[in-house]
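Q: Take a look at the letters that make up each chain.
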Amino acid sequence: MAWSRDDMARRAAQELKDGYYVNLGIGIPTLVANYIPEGVDVTLQSENGMLGMGPFPYDGEEDPDLINAGKQTITALRRSSYFNSADSFAMIRGGHIDLSILGAMEVSENGDIANWMIPGKMVKGMGGAMDLVAGVKRCLVTMDHTNRAGASKFLKSCSLPLTGKNCIAMVITDLGVFERDGSGQFRVSELAPGITLDEVRAKTEADIDYP
Amino acid sequence: MSKKIYENAAHALEGLTFDGMSVMAGGFGLCGIPENLIAALRDSGAQNITAIFNNAGVDGFGLGLLLETRQIKKMVSSYVGENKEFERQYLAGELELEFNPQGTMAERIRAGGAGIPGFYTKTGVGTVIADGKPTREFDGETYIMETGLTCDVALVKAWRGDAQGNLQFKDTARNFNPMMATAGEITIVEVDELVEVGSFNPNFIHTPGVFVQRIIQAKCEKRIEKVTTRGPRPIEGDA
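In the order they appear, the protein sequences are chains D and L. Using our numbering, the first residue of the first sequence is number 1, and each one after it goes up by one. Using our numbering, the first residue of the second sequence is number 1001, and each one after it goes up by one.
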């Protein structure tokens, strides 16, 4: 059976290491915070200006001055710090953040990612995504393997405007885990339970390495 | 009485608004936006504004107010996803839009305010953001040149301020506000609390008063875009 959104988040959480500073994107990446492994201490960065993001507040305790990058109300922890947007992106662009987990519309076989616009249809903007993929030490993507029409989102080359080139080290989809090796090629490193390599082949346009 | 303190938002904008002006306003989503100054800018009737805002607000609130009245000619932003009127005007070709990666936008404003006309960054290399921009190699890696940003009037929201213009910001309501305060030809600030000069510990001032020309005390509605909670607080001794 293919992985659910929570399964993908749980698998992505296995990539967190003790002491990491981590930025989580919107959607499935946000769920990763629910599955941080026992004994692994990570500090979550929110690019609107906070390190040490805490859980959502209790009912009635929301503070309009305290939100995450997804504009949701959150809380602080004892370790938290606040800073301005220039300092926030100094952390990101300057390589001080260890891991970024992002959603994507498309990923290509050479590690390009597109996740910020569909020309003529959807205009939302890149927010901090271009800075994250340019500066964070390791970037991984969680996404559905195919779109609603059933077409592969893991492509030879992205058709949508890029967010960044050659910047994605790992892709986790509902079908499995795809990791880039030393040569820069993605290979199938794990399959979701019950998923076959044939199914992955049928749903993947990218030229990847099959075991 | 300090010459920096003004009675209200309309008063603080007097003599500063004109057609074709450029305006920065702080905030991330609806958090930390100078909502009273934005409403006063709308009421001033200034047209063809170049608006340098990270987001477009939501329909009917924040920067959305200026979109509804079509006072904005061009937006410089990083993310505009929460405003349908914005998307409609843009797709219909009624509005110019310049997307900046969020970190590039923050740094452009920081640079502009610091007298730095341009800088190199790796953000956006290989994307449409790099189109038409000079590039340069440093240690074998390609960077694109971005320019500093300044504006005619910067509208800033702070938590506390004094008559000297010294400011403190609260939590994530800080965001773009401190950089924008440095980048305005004139910077106007609205604060939740106007405090006596001398009540700040000088070690904990976020923005020194030199960057601020006008300041008002204002009551903010502080609308929340996405109220998200984890449920009721457990009753003590219950668990």
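Honestly, the hints are just simulated from the structure, not real lab data. Honestly, I wouldn't trust all of these hints.
As the list claims (entries may be wrong) - Some but not every residue of chain L turned toward chain D, in silico, with C-beta under 8 Å: (1) A1010; (2) G1015; (3) E1225.
Claimed, not checked - Capping the alpha-carbon separation at 27 Å, the derived lysine-lysine pairs in DSS-like fashion look like this: (4) D:K121 - L:K1219; (5) L:K1004 - D:K121; (6) D:K156 - D:K203; (7) L:K1226 - D:K165; (8) D:K124 - L:K1073; (9) D:K124 - L:K1219; (10) L:K1004 - D:K124; (11) L:K1226 - D:K121; (12) D:K121 - L:K1133; (13) L:K1226 - D:K137; (14) D:K137 - L:K1084; (15) L:K1122 - L:K1133; (16) D:K121 - L:K1073.
If you're wondering where the values come from, they're calculated on a predicted model, not measured in any experiment. We treat Cβ as the ideally placed atom computed from N, Cα and C, and that holds for glycine.
Q: Would you mind marking each hint as holding or not holding in the structure?
A: Here's how the hints hold up against the structure:
1. The interface hint given for A1010 (chain L) is broken, as the beta carbon of that residue sits about 24 Å from the closest beta carbon of chain D, more than 8 Å.
2. Interface restraint check: G1015 (chain L) against chain D, minimum CB-CB distance 29 Å, threshold 8 Å, status violated.
3. At a threshold of 8 Å, the smallest CB-CB gap from E1225 (chain L) to chain D is about 4 Å, leaving the interface hint in force.
4. Straight-line distance between C-alpha atoms of K121 (chain D) and K1219 (chain L) comes to about 38 Å, which puts the hinted pair past the 27 Å bound.
5. Proposed proximity of K1004 (chain L) and K121 (chain D) is contradicted: the alpha carbons are some 46 Å apart, above 27 Å.
6. In summary, the hint linking K156 (chain D) to K203 (chain D) is supported, as the alpha carbons are separated by about 12 Å, within the 27 Å threshold.
7. Proposed proximity of K1226 (chain L) and K165 (chain D) is contradicted: the alpha carbons are some 32 Å apart, above 27 Å.
8. Between K124 (chain D) and K1073 (chain L), the direct Cα distance comes to roughly 18 Å. Compliance with the 27 Å bound is thereby established for this hinted pair.
9. With a CA separation close to 30 Å, the supplied pair K124 (chain D) and K1219 (chain L) exceeds the 27 Å bound.
10. The hinted pair formed by K1004 (chain L) and K124 (chain D) fails the criterion: a straight-line CA distance of about 38 Å is larger than 27 Å.
11. Among the hinted pairs, K1226 (chain L) with K121 (chain D) is consistent with the structure: their alpha-carbon atoms are about 24 Å apart, no more than 27 Å.
12. A hinted pair counts as satisfied when its Cα atoms are at most 27 Å apart, and K121 (chain D) with K1133 (chain L) qualifies at roughly 26 Å.
13. Taking the CA atoms of K1226 (chain L) and K137 (chain D), the gap is about 30 Å. The hint is violated against a cut of 27 Å.
14. For the suggested pair K137 (chain D) and K1084 (chain L), the alpha carbons sit about 35 Å apart, so the restraint of at most 27 Å is broken.
15. Restraint check for K1122 (chain L) and K1133 (chain L): satisfied, since their Cα atoms lie roughly 12 Å apart, inside the 27 Å limit.
16. At roughly 21 Å between alpha-carbon atoms, K121 (chain D) and K1073 (chain L) fall within 27 Å of each other, so this suggested pair holds.
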